[in-house]
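> Starting from the known structure of chain Y, arrange chain U on it as the hints suggest.
Number of protein chains: 2
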Amino acid sequence: MPHPADTVLSLLHKHKDACVSGQALAQKLGVTRAAVWKAIEALRADGYSIESMPAKGYRLVSIPDRLGEREITLGLNTRVLGRTVHALDSVDSTNSYASRLAVDGAPDGTLVVSESQTAGRGRLGRSWVSPPGVNIYLSMLLRPQMPPQDAPFITLAASVALARTLKDGYKLDAAIKWPNDVLLSGRKASGILTEMSSEPDRIRHVVLGVGIDVNMKPSEFPDDIRAQSTSVMAELGRSVNRAELLCRFLEEFEPVYELLVGGAGASVLDLWRGLSCTLGRRIVVKTLRGELTGLARDIDASGGLILELDGGTTQTVTSGDVGFV
Amino acid sequence: MPHPADTVLSLLHKHKDACVSGQALAQKLGVTRAAVWKAIEALRADGYSIESMPAKGYRLVSIPDRLGEREITLGLNTRVLGRTVHALDSVDSTNSYASRLAVDGAPDGTLVVSESQTAGRGRLGRSWVSPPGVNIYLSMLLRPQMPPQDAPFITLAASVALARTLKDGYKLDAAIKWPNDVLLSGRKASGILTEMSSEPDRIRHVVLGVGIDVNMKPSEFPDDIRAQSTSVMAELGRSVNRAELLCRFLEEFEPVYELLVGGAGASVLDLWRGLSCTLGRRIVVKTLRGELTGLARDIDASGGLILELDGGTTQTVTSGDVGFV
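Protein chains in written order, with our numbering: chain Y, 1 to 325; chain U, 1001 to 1325.
Because the hints were derived from the structure by calculation, they are not lab data.
None of these values were measured; they are calculated from a predicted model.
Backbone N, C-alpha and C fix where the C-beta goes; we use that ideal spot for every residue, glycine too.
Watch out, some of these pointers could steer you wrong.
Stated by the list, open to error - Anything over 12 Å on all C-beta distances counts as not near chain U; from chain Y, calculated:
| no. | residue |
| --- | --- |
| 1 | 109 |
| 2 | 155 |
| 3 | 171 |
| 4 | 198 |
Stated by the list, open to error - Which chain U residues stay away from chain Y? Per the calculated CB distances, all over 10 Å, these:
| no. | residue |
| --- | --- |
| 5 | 1053 |
| 6 | 1088 |
| 7 | 1097 |
| 8 | 1129 |
| 9 | 1151 |
| 10 | 1277 |
Said to hold, decoys possible - Below, a sample of chain U positions facing chain Y; criterion: calculated Cβ distance under 7 Å:
| no. | residue |
| --- | --- |
| 11 | 1013 |
| 12 | 1127 |
| 13 | 1152 |
| 14 | 1195 |
| 15 | 1198 |
| 16 | 1199 |
| 17 | 1201 |
| 18 | 1322 |
For reference, chain Y alone in the conformation it holds in the complex:
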């Protein structure tokens, strides 16, 4: 049975822009008005701002900016993703934590989120700057019935969902830089690290790690990445509630992911193309084997970048860092 405070919160959240009378709450819960008042006080103590309007009732003004299970569950409207939440204060890496859960049999869609990471990881063995309390560090455990060759689509789908969330939900100038960085007005605000466990015939599980710089101040970025980095707050000029952003992202991702698992990988590629800021531009790609300069023509079905080199020949790059020239 849910705690009365959770039920009160959920009712207030459902009627977010209206007042709910203490009597209505008491009736719904089958408790006294004194018990309702006690629940309201408990929520206030937990950081929820709830207005009391004499003779009218209670109104939820704001939820605390915290990535707790209560805050995430409250506003999440998905079928599979995030139905199980592990909300942590600190962790080595949400991806490592989710991998351990995967081996222990955690269900499809399990979400791991942490207020900070002590060993956050990025692509190509890099670290991910993970200070506490300001950003989103999440990992989703996915168990798609797909051949391993199709796994790159999952990363593309996640970058599409995140760019859409920031563009449509927050009116930001979001675009995707190949392979999967989401940029805001040309500066990096997010990274994705996908890890897969597979057999030749099938995916065992995927851990999709997403780091989003939300309420981080420009001064908080390390020197070496500050110029190319930004956050949602830096772009909007105001902080945003992280649990809300997280929920919007999961809701945006779920249908794109379902498309993909349903075999519609090609339409995910089209969505990616529509949000890309890489295609059609002259770029330089730093790969492990050196630099390549040319025109970014397209991506292929494995997520590889098709580059038209200056000599006129075409080359597909599967891994590297893009710079614009």
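Just chain U, lined up with the frame of chain Y:
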């Protein structure tokens, strides 16, 4: 410091077809002849057959048929593979055990071998029959610096090495059935299950599981697979020492694997083609989406089977079971 019995054993093994005098052993070890005699007795008690020839010395006649660390280390001539050995009596699955070791940071080439498996796994979620004391159930932890797309080569390379071991070392009629079953005179004697942990850009680790039916009697196979199954013993008419076969396989695999990591995947494909009993034959492939009948033309760089269908069109199959028609 190694135990005196190990040093005695290693010296006797080095001069396998000759006698080593008690005095020579005593000198090498810097111990008394009585201590040598004690070591010999300890080895005999452990199942090693050691002949004493008056006035000549000791000769190693045979090693016990056991997959212990001592038996494996004794005859193994590799640089990386099997330099760390976990020899178990029983385990759920050597692949699962090796995956856990991988997460804990075990080194490249770590070998897990078990006398039995309680939940041995095969391809496509099937089980692998794993009775105690007669077969080889091994998993190798590999950390190749390769892009994940090249991982299928590893399985092909392992089937090549195993077929070569059985063909050259044991004079058996060994061949590979696509994708990676090693057959003896047309019947299955081995299966390979590769599991990979990867990021889009790189392989984190591969666990290569190999099951070899060595000294299993035909009557020991379950009814439903008996007709298509065989073992090394059933084909040779005599039992073989499993640790020796295991060492020969690792020694055969290491250079093929090095070729592969060095970028010579194409030559591994050629070796595979030369040992295949699938190519050039009319086959039926059972896939998850139905059956396909046609002529097996070739394999591609992802290990896919290129099938010329009866209508004349060509189709590449990435997963399935082959039957001959």
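> Could you let me know if the closest chain U CB is still more than 12 Å away from the CB of residue 109/Y?
Given a closest Cβ separation of 20 Å, the condition holds.
> May I ask you to test the interface hint for residue 1198/U with respect to chain Y, counting a Cβ-Cβ separation under 7 Å as satisfied?
Because about 5 Å separates residue 1198/U from the closest Cβ in chain Y, which is inside the 7 Å limit, the hint holds.
> Quick check on the hint: residue 1322/U CB to chain Y CB, less than 7 Å?
14 Å, violated
> Taking the shortest Cβ-to-Cβ distance between residue 1097/U and chain Y, state whether it exceeds 10 Å.
12 Å, holds
> Is the hint on residue 1152/U kept, meaning its closest Cβ partner in chain Y is under 7 Å away?
6 Å, holds
> Compute the least Cβ-Cβ separation between residue 1129/U and chain Y, then decide whether it is above 10 Å.
19 Å, holds
> Over 10 Å from every CB of chain Y: does residue 1277/U meet that, or does the non-interface label fail?
Residue 1277/U clear of chain Y: closest Cβ-Cβ about 20 Å, beyond 10 Å.
> Answer holds if the nearest beta-carbon of chain Y is closer than 7 Å to that of residue 1195/U; otherwise answer violated.
This interface hint holds because 6 Å falls under the 7 Å limit.
> May I ask you to test the interface hint for residue 1127/U with respect to chain Y, counting a Cβ-Cβ separation under 7 Å as satisfied?
14 Å, violated
> Using Cβ atoms and 10 Å as the threshold, tell me whether residue 1151/U really stays out of contact range of chain Y.
8 Å, violated
> Does residue 155/Y sit more than 12 Å from chain U, CB to CB?
6 Å, violated
> Are all C-beta atoms of chain U more than 12 Å from that of residue 171/Y?
At about 30 Å from chain U, residue 171/Y clears the 12 Å cut-off, so the statement holds.
Of the numbered hints listed earlier, those contradicted by the structure are 2, 4, 9, 11, 12, 18.
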